[in-house]
Amino acid sequence: MRLLFAYIDPGAGSLVIQAIIAALVSIPFFFRNAIRSTIGRLRRKPTDGASASVSSEDPGAAAPTDPE
Amino acid sequence: MSDRPAAEREPGSYRDPSGFVFRRDGTLYRQVNAVFADDWAAFESSGLHRALVDEGVLVADAPASLDLAPEPGAVAVIQPDEIGFISYPYEWSFSQLKDAALLTLRAQAMAGERGMTLRDASAYNVQFRGGRPVLIDTLSFERAHEGEPWKPYRQFCEHFLAPLALMAHRDGRLGLLLRTWIDGVPLDLASDLLPRRTRFSPGLAAHLHLHARAQRQHAADAGSAATATQAKAVTMSDGRRLALLDHLRRTVEGLHLPARGTQWADYADQTSYSAAGTASKEAIVQRMLEAIAGDGGRRAWDVGANTGRYSAIAAAAGYEVVAADIDWAAVERHYLALRSAGEGRILPLLADIAEPSPAIGWANAERASLLERVNADVVVALALVHHLAIGRNVPLAMVAQLMARLAPNLVVEWIPKQDPMVQRLLAAREDVFGDYSVEGFRVAFERSFEVAEEAPITESGRILFRMRRRNLGQ
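Chains A and B supply the protein sequences, listed in that same order. For the first sequence, position 13 (counting from the first letter as 1) is numbered 13 according to the numbering used here, and the numbering increases by one without interruption. For the second sequence, position 183 (counting from the first letter as 1) is numbered 183 according to the numbering used here, and the numbering increases by one without interruption.
Hints should not be assumed to be uniformly reliable.
What the hints assert, rightly or not - Reference listing, derived: stretches of chain B covered by chain A, where coverage requires no fewer than 3 residues with Cβ under 8 Å from a Cβ of chain A:
(1) 13 to 21
(2) 147 to 154
(3) 240 to 248
Claimed, not checked - Pairwise CB distance ranges, derived in the manner of DEER restraints:
(4) Asp188(B) - Arg32(A): 30 to 36 Å
(5) Ile20(A) - Asn375(B): 44 to 50 Å
(6) Tyr7(A) - Asp221(B): 22 to 28 Å
(7) Tyr7(A) - Gln423(B): 53 to 59 Å
(8) Asp435(B) - Ile8(A): 49 to 55 Å
Everything labelled a hint here was simulated from the structure, so no lab data went into it. Built from N, CA and C at the ideal position, the CB exists for glycine as well.
Construct the complete structure from the given sequences, taking the supplied hints into account.
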């Protein structure tokens, strides 16, 4: 790994554990993506294309379930 | 060189060798160093810079002359748009910090799509502008390299995830831990403070509890060649990095404050005076603020803003408003209300005017104190003086002095002792406040201010004053 220009300390323990966590969470991640793309492909057939892309990444619009 | 104003390096801009922020003649610039030239070029050529600015994720900047660079080795100088008021993560409510966290992950996602990555994930790189969080560190992006783990992972967890989890699962006030730990909440501390049940939440179990344990383990045998080799040998496929980031995002999104009220959050709804009194107070405040705006006032500080009834009046009168309150739940409610209304002229801020945020970090200069950052033309202090004078035992003359230090104009409400709200403060204590009278108030405040206008609030015994700071040089 190229740590040459990491001006912050990524932390030995943090690096090791993030690799382990990433390996674990990648299984459901890929599974979910596979399902999503399959649904997307099925949906696209009956005209509707707009509702296929689901994104909750806009930070302002995010967290619609916050307590008011 | 000599005919140019000297450059002043921003005291908080020293950690990153890739560049730094400085001021010349009051204008803010950023120098990009040669060591960062290739990544800076990639930032441009990948289209990431443009995309981030267009989407409002990153503050816009304009190229500036290289001659402005104060130090040798510059490859570029840029002039970023200025943020009206710099706030710090320990002055944000839960949702403000959460939105800042999600913005950081959004920036990482956009970078990832263009072969770039974040180099850091500091909460201090986020500011609020127009009601929305925005990244201000234009040098936070570098080229991504095959197989690299996400280097800011630890920083993200310490700056964002740990305080958010503590606020959501333990107590909303724990965001203030960031004031003590400038580099973020230590994960072992967060792990110890979090309730046991959070060990069964996959996101918090992984990114906080296991993470803290791994840190502890590796700290124990730090320095051993085996540890260093192991850490440096960590590689991660692009897919796994995406999965990790997705999981972090879901974990942050899954955090919510428990829906409990606090002492203040419902305060606006239980005032002690009538509807006519409220209408009268609103009309007078509006008139007074418009008069000050007519004299050129643009920035207002609403101190003790609660959920922002009068901040809204100030905004409508044309001010950029900082709405400070001591109660995190009121700040949280205010922020959420503004966010859903799309109101960007008001910044809710968690601040105690009786104990303002101190200067922290290196040489006590890295993050400025709250009083150093106040840049208001007018302070609005409604239903505040009795809390300071009686609730906190601050003599009225000292209240006046602080108000005079904050801004040249003041809109202040006098609440007499017989008012139920004052009586509430005196309910369980002896009345040692002999000077708390409208005469005492006038004497105290007229030392620092001259009264420009005063108006009684209908049916309440309260009085609103508009005051101008005396020119002490005279």
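Query - Hints that the structure is at odds with (numbers, increasing) - result: none
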